[in-house]
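Novice: Take a look at the letters that make up each chain.
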Amino acid sequence: MRLGALAATALVMTMTLAAHATRAQRPSFSQALRPQPLEFPRDQGPHPNFRQEWWYVTGNLDSSTGERFGFELTIFRFALAPSALPTQSATLTSHAERSAWRTRQIYLGHFAITDVARHRFRFAVRRSRGALGLAGAQADPFRVWIGNWRIGQSTALGAPSSSVAKGAVWRLQADERGYVMSLTARPLMPPVPNGEDGLSRKSGQPGDATYYYSIPRIAVRGTIVRDGQPLQVHGLAWLDREWGSGSLGPQEIGWKWFGLQLDDGSCLMFYALRDRDGAEDPYSAGTWVDAHGQAHPLTRSEVRIEDLAHWTGPSAVRYPSRWRLQVPSLGLALTVRPVLADQELMTSPRYWEGAVDVAGTRAGRPVAGRGYVELVGYAGARGGSAAYR
Amino acid sequence: MRVPVPTLWAASLRHFLRQPAQLALALVALTAGVATIVAVNIATASSRRAFELSMRAVNGPATQIISGGPQGLDEALYVRLVTGAPLSGSPQPIFAPLVEGYVTAHNRVMQLVGVDPFATAALQGSREAMPTGAVGGTTFAALRRWFLEPGAVVMAADTARQLRLRVGEALTVSIGGVRRRATLIGLIRDRRPGDATLILTDIAQAQEWLGLTGHLTQIDVRMPRGPAGTAALAALRRQLPPGARLERAAGQVHQTLDMTSAFSINLTAMSLLALLVSALLIYGAVSFTVVQRRRNIAIMRAIGATRRELLTIVLVEAVVLGAAGAGLGVLLGLTVGHGLVHLVSQTVNDLYYVVSVRRVTLPAWTLLEALGAGLGTALAASLIPALEVAGGAPQLGLRRSALEGRAVLIARWLAWLGAAFALAAGALIAASSRSVLAGFASLFLLLLSVAAVTPSVLRGLARLCAKALAGISSVARLALEDIAGSLSRTGVAVAALGMAVAAMIGVSIMVESFRVSLRHWLEETMRADIYVAAPGPGAGRPERRIEPAVLQALVATPGVANYSASRSVIVHSSRGDIALDALHLAPGSYAGIELTAGNPRTVWRDYDRGALLLSESLAWRLRLRPGEHLALITAAGPREFPIAGVYHEYGSGVGSAMMSLKAYRRLWHDDAVTAVGLYLDPGVGAGQEIPRLEAASAGRQALLIRSNAQIRAMSLDIFDRTFIITRVLYWLAAGIAAIGLVSALLAWELDRTRELSVLRALGLTPRGAAALVEAQTLFMGCAALLAAIPAGLIIALVLTKVIDRRAFGWHIEMHLHALQFVNALALALAAALLAGLYPAWRAAVGPIAGKMREE
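In order, the protein sequence lines correspond to chains A and B.
So the first sequence is numbered by my numbering: it starts at 1 and just counts up by one.
So the second sequence is numbered by my numbering: it starts at 390 and just counts up by one.
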């Protein structure tokens, strides 16, 4: 459940209009309709016949000097059309004349750093076509990149093939004004399918769904160069992988997403979809992964989320800013609190994605943790999503 | 006694009202002079400006540009720069790839620019991908159309309106003769200068259309400021492959402008010539209005007007006249300038760069220059005679004899001055070996010297003839003595005529010699029977290529015996950009290249081994000789090429180099062919072969297929077009000279009414009086010719041997043709005859007694 879905909502509206006219002849995108077993390394890589997908890494880091950081490194892929759509090059006389710049794949990268000690939140955006190796993704060896931002095996040669398994080593690297992040990442557990064996439905409409898995615990270690000064850092990251061709239901306007890593070894993912009337949507869902790595799907009725405070940013968008999250079936009661109030990405669409601290109890025993929260759909039409609409 | 000032002003006004023709002539001369200056300046400035804008529009906020050879850069370089950039928290350079070329859409030359919308947005610091604003709709919808719609293009809203295109409509763009279907998917609304001639499309589309897949025309770079930028620049230099060149974005504009500077010099010289001729004629026209009133002024002086008052009046008159003439001249110049702009830009386009002038630029200094020329010359022209009259003793002004005595002295002094000018001109040429400006300066000195000598020639000739005719006809003697004795009236007019005729003779000999040389050269060089070329603006544009399959079909067409092939490109060299013609010569073609330097026995052997041949222009411009070397930037980096020889070429003023096609292909990795020359089987005529060739390329590429006779005719047409401006200017000068002569003769005739009346009273018939006046003016025309013919020859010599050589490096043989002199003769005599008509008529019909009663 991620940002791309909102963009996709708008996209679908235009696409369906276009598609209606010539639905019969036109090839169409693949749809996430029924559960499909995840397969690796295939599902690490891109699924170009789906309209959109993303590789979403968030994490909390501590430096050897005791400073606290959060990061988000995300690469989105959007297909502008299904693959068989003829383009101009089909009319050219010879294949040799086809430009390597022709593509229907567009990549978007977001990189954000939360520097708690300095009260800084900075982000950068990259856009590129998926051609000529300027941006792209591949399953084996796993790699997704946009320019010199990378997620995946950096030195592909000699690396073990099914690198998604425990023991695989990836690199995460990105830069922006004042910060360079360069981390090695080791997944501590195998991928966890979300929803119904990996099929995550967003509405009652068939196709308004994604294939969705997470790797909730990834050990990361490396450096952050801040204003030219290198800092040794280590911490825990979370990977979300989703692909699909649908969007949200017509009533759904946004969501809160929680990805929490608790110190007892368990993890909680939950997205609360929000309807136009302010009510929580019945298709909200999540996954509980216990300390043994066992996944348990969570339905909307199992999870109660209460906004405890709000924050209004410089762009005058009001976001909830502290939450009480309860899962009575697990005996879980948590308070989730941003490490910095301002972790808003002034992108288009605008959203809030920030590092959080977690404290509470599980089955009566105190439990703490860290994680990331994403808030989408609060900016409204004014918030920049208009650009995508 | 004091004369009331209003009376003086009234007298001044009355004079002009009584002599409207005089006033009109002075105004016409002023207007024409100023208009010429304005028109030429506008034409030059507009094409320059259009050129600068077209460069700037593409570059945007780039600080540096990476460019390559004729095929541009390998696109892998861009990928390497973007994906291989080191991670850094400090500001990094931003790169944006460009693929550009020239296309024709709706008969307009447009610059097709292929961009990557994301990279361009990043370079421009925009948060939105470029097409979003132009195409409208959602980001995805816009991107979808931009990336996927076949032939999607975007252009400025104004341009679309001019082409009568609406969004969603299709247009055909022609690229090197291949027609492509484009769709206008959006409009750029925020107008930037230079947008008017742009067609924007995706980089993939541009590569495919322009035949540049795998290549980029350039990579625009925006370097961060400060130390980070300096470091990034140094790092970038290390990353560039050998064939790539990194330069400042502003530098590129400068360098490419250099290519057109030779042309610009030519125009500037023309405008200087116009200025000089105009100034002299303004001088002539205005000074007559004063000289003519010598009597009135002297009377006023005699009745008490102060010198100061008289001077003020004359100068105010000059200012009013000058301002009016300059104002009208600017208006006329603007109108004429519009026409000239087209001529100028066409001439520039015949060279390498494509300039599409859509807006006329009027530089402020042009107006100042024109006003200055108008006012300044009018003032100077009135001041000298006014000082002369106002400064004399009050009654002296009344006496012509004193005045003429002085005129003889001045003429004698001027003759010496003229001789000095001529000597100075010679010295200047000898002292400066390469300066074009010095060449022009000496040319002007020569013209001035003609003007200065003419009065003495006139006087001497008149006296000589008078002496010779003394025993034969007393009337003729009288008439001639009269001319010699009225030098103050006749001298300036004849000088102006002499100068105009000399300039005309000089320029026409130069143009004709050049034309003959060009024709010989074309006959020598154009050995093939039929020439086939990819059409399009700009001679060295890479997109002008014959499609390989079409080329195969052409050379395999029955009737074609052999062929030469050429690739014309612009390559970078250590000495700036150079036009390179890579040639595969058919055996019959070698003889067509006339060497002016180099060893004829070894030159072709060296050429086949990869040596360069330079055209005369290029060798002159770069000061290179056979045996020396020139470094060209090949695909593998700079490489020294030996120069095997220098050849005769009139193709362009900046020159070109020649290399074997085989060597070029090996070093630049470019297999394209711009043009082929086809040799036909014996007995096959071009007329019957051309339809076959057209059939062979039909439906694939619209090529220019021409017989060599057609090419020759076209080349001479281009030549004539280039010299239209010159012709316009010299006819203008001649016209103004004729007008000057008329006004001078009218003034003279007024003075002579008494003498004519006496002659009439003594028995001269009206017809005889008219004949006398005509004979006198004809004689003056002949005197002007006599001074002008030798001067014209010298001017022609300076133009061809000094100025053309220095400006373009060309060796042009002088070709003298009777016609050039006949033209000048006709002009001088016709001007004189026409100028004499009205005075002759007045002499014939005027009452005898009335004029005598004046005494």
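Check each hint, because a few of them may be wrong.
To be verified - Each pair of labels, with its calculated beta carbon distance range:
1) A/G133 <-> B/G1016: 33 to 41 Å
2) A/D197 <-> B/Q513: 58 to 66 Å
3) B/P480 <-> A/L308: 50 to 58 Å
4) A/D62 <-> B/P480: 22 to 30 Å
Stated by the list, open to error - So, partial list: chain B residues that the calculated Cβ filter (under 10 Å) puts toward chain A:
5) V468
6) A474
7) S477
8) G514
9) R516
10) A593
11) V864
12) A865
13) R866
14) W910
15) E912
16) E913
As the list claims (entries may be wrong) - Some residues of chain A that are not near chain B, with every Cβ distance over 12 Å (derived):
17) A81
18) L132
19) G133
20) D175
21) V339
22) G360
For the record, the hints were derived by calculation from the structure and aren't laboratory data.
Just so you know, even glycine gets a beta-carbon here, dropped at the ideal spot from N, CA and C.
Novice: Each of the hints needs a verdict: does it hold here or not?
Specialist: Here is how each hint holds up against the structure:
no.	hint	in the structure
1	A/G133 <-> B/G1016: 33 to 41 Å	violated (48 Å)
2	A/D197 <-> B/Q513: 58 to 66 Å	violated (47 Å)
3	B/P480 <-> A/L308: 50 to 58 Å	violated (40 Å)
4	A/D62 <-> B/P480: 22 to 30 Å	holds (29 Å)
5	V468	holds (5 Å)
6	A474	holds (5 Å)
7	S477	holds (6 Å)
8	G514	violated (12 Å)
9	R516	holds (7 Å)
10	A593	holds (4 Å)
11	V864	violated (87 Å)
12	A865	violated (84 Å)
13	R866	violated (88 Å)
14	W910	violated (38 Å)
15	E912	violated (39 Å)
16	E913	violated (39 Å)
17	A81	violated (5 Å)
18	L132	violated (5 Å)
19	G133	violated (6 Å)
20	D175	violated (4 Å)
21	V339	holds (21 Å)
22	G360	holds (37 Å)
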